[in-house]
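Student: Chain by chain, the residues:
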Amino acid sequence: MTSSPAKTLEQGIEARLGDALAHETRPGYTGYRVEAARLVEAARTLRDDFHYDYLSCVTGVDQLPEGKLEVVYHLFRTQGGGALVLHTLLPRDDPHLPSLVSLFPGAELQEREAYDMYGIRFDGHPDLRRILMWEGFAGWPMRKDWKEAFYEQEGKPFDARWPGGRARRSEDQNPFGSNVEYPPGFTLEGYVPEGEDALYASFGRIEPGGNGSGLRTDRMLINLGPQHPSTHGIFRMVAVLEGETIVDIKPVVGYLHRNHEKIGERNTFLMNMPFTDRLDYINSLSNNFGYALAVEKLMGIRPPERAEYIRVIMAELGRISNHLWFIGFLLNDLGAYFTPALYAIQDRELILDLFEAITGSRMMCNYFRFGGVARDLPEGALERIRELVEERLPHKIDELDEFLSGSEILRGRSIGVGVLPPERAIAFAAAGPVLRASGVAYDVRRAEPYGIYDRFDFDVAVRTHGDVYDRYLIRLDEMRESLKIVRQALRDIPAGEIQTGKATYQVRVPAGESYARVDGPKGELGYYVVSNGKPNPWRYHVRPPSFISLTPLGEMCRGQKIADAVVILGSIDITLGEVDR
Amino acid sequence: MSEGPDVSVTPIPPELQGKVTITSLDKIYNWGRRNSVWPMFFGLACCAIEMICTAASRFDLSRFGMEIMRPSPRQADLLIVSGTVTKKMAPQIVRLYDQMAEPKYVLAMGACASGGGPFKEGYNVVPGIDQFIPVDVYVPGCPPTPQALLHGLIHLQHKIDGQSLREVAWYRRETAAEVPLPLLGPDLINPGQAGLLRERAAQASAQGGAASPTLPSS
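Those sequence lines, one after another, are chains X and S.
For the first sequence, my numbering assigns the number 581 to the last residue and increments by one with no breaks.
For the second sequence, my numbering assigns the number 799 to the last residue and increments by one with no breaks.
No lab work stands behind these hints, which were simulated from the structure alone.
Be a bit skeptical, because a hint or two may be false.
Covered stretches of chain S, as calculated for chain X (at least 3 residues, CB under 8 Å) [stated by the list, open to error]: (1) 590-602; (2) 605-617; (3) 621-634; (4) 638-652; (5) 732-742; (6) 755-762; (7) 775-787.
Since the structure is predicted, the reported quantities are computational estimates derived from the model, not experimental observations.
Positions of the beta carbon are idealized from the N, C-alpha and C atoms, including for glycine.
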């Protein structure tokens, strides 16, 4: 893309909204600053007149030195192109600003997260409750002046761990022998747990219903999970039912919230790389990819050619292994208990063997580095990959297609179920296959190519019905496209270096912000990193595609049968490590 | 061998010859149990994926009679804690453990379940499930490979082999007490620490509401 249309667009925006938007002047920052009072107006104009219709990422930042809290918005156009970043600064003592949920419903869960982590209130939000922590938890954990019970120091490496330092078990230093702390004077006597009243109250009054045929029925509220065999981990849904029909359903998350971002801000930049593996643990390589890109953007470096090709090959193999897993477990949710899953896992194991040979680990690859990859491909790896993508996997995908796609039960259970129309999919900022199955040809690899994706010839897989069946078919399409990309990469991969500059443990990252996104198997995976020039990031935020794709769950499930909720959830393809972080 | 039964006096009927073996009750009881340990179908995090791979055709848990994963705690013998235990999830896991019928075993799979792992310092992470429920086998790894999990399960079988009917807890007259559920207050509350909590509160009020315990900085 040339810079002139982008320039025209920028001039157009400034002409229309010049008085509401001010250029961001902090060094290393981009985008505009907007007052809380004019946020909604600016966002509406950007959406309606400039086609910034995809509000990808909403997050809070604690600007403690300035005594402010900040909310950062990343808007994109589904036609393609880069981000428009809006910053809103708020006073720390009473942080509140208008909610954007009425314009972009996809912001709902993200705004709740910002409230939960920073205590920023979003006026007009339909359901502002804690989301990752529980109701009644003391404190806003992501604020810089809030310290966890096992707190040692602002940044790693901790002094106690250096040679000569005295490392002690954190449990031994805590009076309770665990990582807990309570407000002063707190005892069990007189303590009333908040429980889940707020959650159940958010459904409003549950009126007795009728099924339209004169039968008097009761509406019923049921919980699925967190321990449930078909919720793909510890995920919980609360549903209001009328007979078997879903009246309303809400996701309840946070059961695997393991403080990725708080720990990430104590870690040095490189230390975060193995942590990103554990976000979407089915597919660690795309996670590495996005994070490496975000930090490379700040550092202003690019990996050498060979490393670029290795990255693409690994990321696409990861996508195939993820989609194989997805198809197996979607069929599990449909009641084909484990038979398709066993066939799918069989070939996933072959890919994992390759990962183990190349990176040293089956699942947690920790393979990418800033400006390269950790090590070169071992001898014979390319031949093994070639054999896999030429001989084995195409047949496997055809086999799955042949045995499953025509199955009457699969078709009966999934066609027309959980429909998400394209305009709603965009509004909800649904990501990746969920968005594309609704007929929106939006793929970050094409819309804003990263790495060397602009060199490959592949199609963006699109399906048009937006139901569960199309979300299943699109995974087959995507695997075929990934094979195409890997074949081209195998053909073109050059010999040479795999790392720009010297590989170091402690990288120097200039101050500034950066947002990098990749099209992972679950969709747009973004990393928002703010550096202040220190060894560890000031802010480290992950835009998790499967978390945000959960926002339309209620809309997709309403009016369906409760058994379909399980299938609809399965078709979104969530990984709890990424949803809860 | 004058001590053994006199075969010449009590002849073995021909239809039983070569088909009878003599063993101790403990041995036959444990032989049955060790080869039918049904794990609970319950995954927490990354380790659950490797647990599923262990159950799939390549590593094949059914070689050990363990392939029947039961989603209900009432029918399960083994709780594989496969992943990070968060504070929000801890009450659920303790309740599942309480709901399991004896004999029951717990396997802490991976670094997180054993001791918090890479996420130990997190504000929502329980540093090891053994803070709440007793663990029989710890399997290291992040995540442990299927081979490592199998190794842990074989260890569990050895443990079962060593148990005796005479001593096991579940045939005693008195029933074992349930593990009290942790509570979600301002932070995770272990009901067993109620006394300690009261003590700290008294101390705080004596000092005029000093802040909660702070750690030395190094």
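Student: Does each hint hold? Answer for all of them.
Tutor: Right, here's what the structure says about each hint:
no., hint, result
1, 590-602, "violated (count 0)"
2, 605-617, "violated (count 0)"
3, 621-634, "holds (count 11)"
4, 638-652, "holds (count 3)"
5, 732-742, "violated (count 0)"
6, 755-762, "violated (count 0)"
7, 775-787, "holds (count 8)"
The earlier numbered hints that this structure contradicts are 1, 2, 5, 6.
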